[in-house]
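Same order as they appear, the protein sequences are chains A and B. Residue numbers for the first sequence follow our numbering, beginning at 66 and rising by one. Residue numbers for the second sequence follow our numbering, beginning at 66 and rising by one.
Because the hints were derived from the structure by calculation, they are not lab data. Certain hints may be false.
Capping the alpha-carbon separation at 30 Å, the derived lysine-lysine pairs in DSSO-like fashion look like this [to be verified]: (1) A/K279 x B/K356; (2) B/K279 x B/K313; (3) A/K254 x B/K80; (4) A/K356 x B/K279; (5) B/K204 x A/K80; (6) B/K204 x B/K224; (7) A/K179 x A/K204; (8) A/K267 x A/K141; (9) B/K279 x A/K254; (10) A/K356 x B/K224; (11) B/K279 x A/K267; (12) A/K279 x B/K267; (13) A/K80 x B/K80; (14) B/K254 x B/K127; (15) B/K244 x A/K267; (16) A/K244 x B/K80; (17) A/K356 x A/K127; (18) B/K313 x A/K356; (19) A/K267 x B/K267; (20) A/K356 x B/K204; (21) A/K267 x B/K254; (22) A/K129 x A/K313; (23) B/K204 x B/K80; (24) A/K254 x B/K127; (25) A/K267 x B/K80; (26) A/K179 x A/K356; (27) B/K127 x A/K313; (28) B/K127 x A/K356; (29) A/K267 x B/K356; (30) B/K127 x A/K80; (31) A/K244 x B/K267.
2 protein chains.
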Amino acid sequence: MSVLIVGSTALDSIKTPQEEHPRLLGGSASYASVAASFFAPVKMVGVVGEDFPKPCLNLYRKHKIDLEGLQIVAGKTFHWSGEYETNMNNRRTLATELGVFETFTPRLPASYQKSAFVLLANIAPSLQHHVLDQMRRPKFVVADTMDLWLNIALPDLLKLLRRVDGLVLNESEAQQLTKEHNLIRAARKIHRLGPDYVIIKKGEHGAILSARNKLFIAPAFPLENVVDPTGAGDCFVGGMMGYLSTAKGSVDANLRRAIIYGSVLASYCCEGFGLAALTRVTPAAIARRVKELETLTRF
Amino acid sequence: MSVLIVGSTALDSIKTPQEEHPRLLGGSASYASVAASFFAPVKMVGVVGEDFPKPCLNLYRKHKIDLEGLQIVAGKTFHWSGEYETNMNNRRTLATELGVFETFTPRLPASYQKSAFVLLANIAPSLQHHVLDQMRRPKFVVADTMDLWLNIALPDLLKLLRRVDGLVLNESEAQQLTKEHNLIRAARKIHRLGPDYVIIKKGEHGAILSARNKLFIAPAFPLENVVDPTGAGDCFVGGMMGYLSTAKGSVDANLRRAIIYGSVLASYCCEGFGLAALTRVTPAAIARRVKELETLTRF
Chain A
66 MSVLIVGSTA LDSIKTPQEE HPRLLGGSAS YASVAASFFA PVKMVGVVGE DFPKPCLNLY
126 RKHKIDLEGL QIVAGKTFHW SGEYETNMNN RRTLATELGV FETFTPRLPA SYQKSAFVLL
186 ANIAPSLQHH VLDQMRRPKF VVADTMDLWL NIALPDLLKL LRRVDGLVLN ESEAQQLTKE
246 HNLIRAARKI HRLGPDYVII KKGEHGAILS ARNKLFIAPA FPLENVVDPT GAGDCFVGGM
306 MGYLSTAKGS VDANLRRAII YGSVLASYCC EGFGLAALTR VTPAAIARRV KELETLTRF
Chain B
66 MSVLIVGSTA LDSIKTPQEE HPRLLGGSAS YASVAASFFA PVKMVGVVGE DFPKPCLNLY
126 RKHKIDLEGL QIVAGKTFHW SGEYETNMNN RRTLATELGV FETFTPRLPA SYQKSAFVLL
186 ANIAPSLQHH VLDQMRRPKF VVADTMDLWL NIALPDLLKL LRRVDGLVLN ESEAQQLTKE
246 HNLIRAARKI HRLGPDYVII KKGEHGAILS ARNKLFIAPA FPLENVVDPT GAGDCFVGGM
306 MGYLSTAKGS VDANLRRAII YGSVLASYCC EGFGLAALTR VTPAAIARRV KELETLTRF
């Protein structure tokens with residue numbers, strides 16, 4: 066089954082202590098879609114300006130991502146630039162130029178509206194709502210979010226939580242949303258807000274899946290060289306949804322393994338700037354790391 | 066086989082946002098010995114003053130801890146007091162009164178010297194050396210340490226690393242020791258300093274075992290209520306060594322499972338003040354949480 070993915074489509078200028086790369090293909094929808102594309106056909110929803118570089122479009126096409134829902138409009142593509150500290154965990158935003166994103170209204174082509182799996186990747190909750198409004202009874206809907214929306218669009222986000230099956234967020238966001246330091250208690254509070262599945266990302270420490278009193282503790286794939294962690298969280302959820310949409314059996318039965326696949330996609334993402342490493346990955350390489358994670362966690 | 070454990074034996078006054086308890090039995094040797102006692106006979110080495118409360122001695126005895134190596138001398142027992150912040154991860158020391166610890170020289174009774182498993186729990190590296198000097202060819206020696214010794218006794222600690230099979234330390238200590246943020250690279254650097262086994266504790270995020278190019282990613286047991294984390298790291302390594310000393314087969318083959326047992330003991334430790342929760346644990350309860358960790362991590 067195909068996965069519908071809405072999110073940001075952007076150009077990222079990224080600086081790490083080692084390197085600097087301007088105007089790479091970025092945005093939550095780009096990362097999530099490429100990650101999901103290793104498992105399933107992806108229908109992407111987004112907006113870019115007329116300045117959007119052809120090689121970026123070609124990268125989507127290489128991954129057979131359906132671009133019917135990608136609007137190309139007059140104006141400039143969303144541009145984000147950021148800089149990582151030496152530890153590669155903390156980053157600060159140097160500039161955010163919204164460009165055509167400022168007036169973006171996602172419109173779903175008819176062929177998108179029956180997608181069974183929907184990933185509302187990180188984007189304003191109002192736009193996530195707008196996409197859901199256009200869907201016809203999707204089977205499984207997951208939303209990602211970020212601290213920005215907790216700060217400036219909390220009512221919209223809370224309304225969204227009543228409409229989704231799963232929420233993905235990171236540790237500090239879960240704590241901010243619930244005013245609860247303990248992640249198990251935080252997850253339980255989030256369940257009460259709506260989602261049956263709460264996935265808390267802990268970066269290099271892995272992730273926790275809470276499914277109404279059932280927990281799964283997922284490892285991160287251990288990396289020796291983190292080149293650029295931008296988009297790793299998007300690849301995590303994109304890989305997870307891509308795997309889920311093609312796995313046989315129930316979502317409930319497949320979600321643990323889907324999270325492991327998401328972790329592996331996120332690990333490859335971190336090994337290159339922007340999408341450079343991820344786009345070179347092969348299904349065999351993905352399978353190898355999933356196998357390795359089994360070995361690394363067995364006792 | 067018995068486990069020899071040397072470390073601090075203290076009275077702890079602990080304050081959390083919820084409760085305050087003065088003069089509880091504490092110290093790295095106390096926590097590690099009680100944790101190890103669920104698996105193996107423990108021979109403890111330490112020092113206390115004449116003020117050491119009888120109920121504390123009785124707690125050791127309840128766990129059949131061999132106290133022949135516990136010196137009871139004129140003066141006051143080591144007293145530590147500390148306060149936890151709301152998140153229960155950060156704590157600050159309010160007072161440290163060394164008392165009889167200031168002049169402590171560990172002396173091993175003859176019956177201790179042939180112990181096969183030696184745990185040099187957190188204590189000055191010079192004292193850890195002194196214990197090793199008195200041992201006759203132990204089979205497996207593990208040292209724990211803390212940031213204090215990295216700051217004030219680094220040469221002693223580096224010398225010790227060449228004499229031990231395993232080193233246990235936490236994430237920030239590993240980073241401080243190696244000047245390396247990435248834990249996989251940090252572990253590799255520590256191997257070069259001597260130990261075949263490097264165990265990096267990450268608190269609620271679990272632990273990593275590095276065994277010369279073989280990694281194990283261990284989960285922490287997820288807790289909803291952390292009452293008092295004091296001594297959890299000591300219980301982790303105590304439980305690990307206790308299990309190791311009685312498991313059939315090679316240390317290499319048993320270490321992963323030993324770490325899981327250590328995690329479980331640490332989790333029980335956190336559920337009460339001081340040793341209150343740990344001392345009430347049963348072998349059945351330990352086995353239950355080990356089983357639960359299997360379920361929580363399976364994919």
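The hints, checked one at a time:
For the proposed pair A/K279 and B/K356, the alpha carbon gap of about 14 Å is at most 30 Å, so the pair holds. A distance of roughly 21 Å separates the Cα atoms of B/K279 and B/K313; the hinted pair therefore holds under the 30 Å criterion. Taking the CA atoms of A/K254 and B/K80, the gap is near 27 Å; set against the 30 Å cutoff, the hint holds. Note on A/K356 and B/K279: the hinted pairing holds, with a Cα-Cα distance of about 14 Å set against a maximum of 30 Å.
Between B/K204 and A/K80 the alpha-carbon distance is near 49 Å, which puts this suggested pair outside the 30 Å criterion. Proposed proximity of B/K204 and B/K224 is supported: the alpha carbons are some 19 Å apart, at most 30 Å. For the hint pairing A/K179 with A/K204, the CA-to-CA distance comes to about 9 Å; that is within 30 Å, so the pair holds. A distance of roughly 34 Å separates the Cα atoms of A/K267 and A/K141; the hinted pair therefore is violated under the 30 Å criterion.
As the CA atoms of B/K279 and A/K254 are separated by approximately 38 Å, the hinted pair breaks the 30 Å bound. As the CA atoms of A/K356 and B/K224 are separated by approximately 38 Å, the hinted pair breaks the 30 Å bound. Simply put, B/K279 and A/K267 have alpha-carbon atoms about 23 Å apart, close enough for the 30 Å limit, and the pair holds. Between A/K279 and B/K267 the alpha-carbon distance is near 23 Å, which keeps this suggested pair within the 30 Å criterion.
A hinted pair counts as satisfied when its Cα atoms are at most 30 Å apart, and A/K80 with B/K80 does not qualify at roughly 43 Å. As the CA atoms of B/K254 and B/K127 are separated by approximately 41 Å, the hinted pair breaks the 30 Å bound. Taken as a hint, the B/K244 and A/K267 pair is honoured in the structure, with Cα atoms around 23 Å apart against an allowance of 30 Å. As the CA atoms of A/K244 and B/K80 are separated by approximately 22 Å, the hinted pair is consistent with the 30 Å bound.
Restraint check for A/K356 and A/K127: the C-alpha separation of about 26 Å stays at or below 30 Å, so the hint holds. In summary, the hint linking B/K313 to A/K356 is supported, as the alpha carbons are separated by about 27 Å, within the 30 Å threshold. Only pairs whose Cα atoms come within 30 Å are accepted, and A/K267 paired with B/K267 is accepted, the gap being roughly 12 Å. Using a Cα cut-off of 30 Å, the hinted pair A/K356 and B/K204 is violated, with the two alpha carbons roughly 33 Å apart.
Proposed proximity of A/K267 and B/K254 is supported: the alpha carbons are some 25 Å apart, at most 30 Å. Straight-line distance between C-alpha atoms of A/K129 and A/K313 comes to about 22 Å, which keeps the hinted pair within the 30 Å bound. Restraint check for B/K204 and B/K80: not satisfied, since their Cα atoms lie roughly 39 Å apart, outside the 30 Å limit. Annotation: proposed proximity of A/K254 to B/K127 is violated, straight-line Cα distance about 41 Å (limit 30 Å).
At most 30 Å may separate the alpha-carbon atoms for a hinted pair to count; A/K267 and B/K80 meet this at roughly 28 Å. At most 30 Å may separate the alpha-carbon atoms for a hinted pair to count; A/K179 and A/K356 exceed this at roughly 34 Å. At roughly 54 Å between alpha-carbon atoms, B/K127 and A/K313 are farther apart than 30 Å, so this suggested pair is violated. Proximity of B/K127 to A/K356 is assessed by CA-CA distance (about 45 Å); at most 30 Å being required, the pair is judged violated.
With a CA separation close to 24 Å, the supplied pair A/K267 and B/K356 stays within the 30 Å bound. Between B/K127 and A/K80 the CA atoms are separated by roughly 59 Å; this puts the pair beyond 30 Å, and the hint is violated. Taking the CA atoms of A/K244 and B/K267, the gap is near 23 Å; set against the 30 Å cutoff, the hint holds.
Hint check: violations occur at hints 5, 8, 9, 10, 13, 14, 20, 23, 24, 26, 27, 28, 30; the rest are consistent with the structure.
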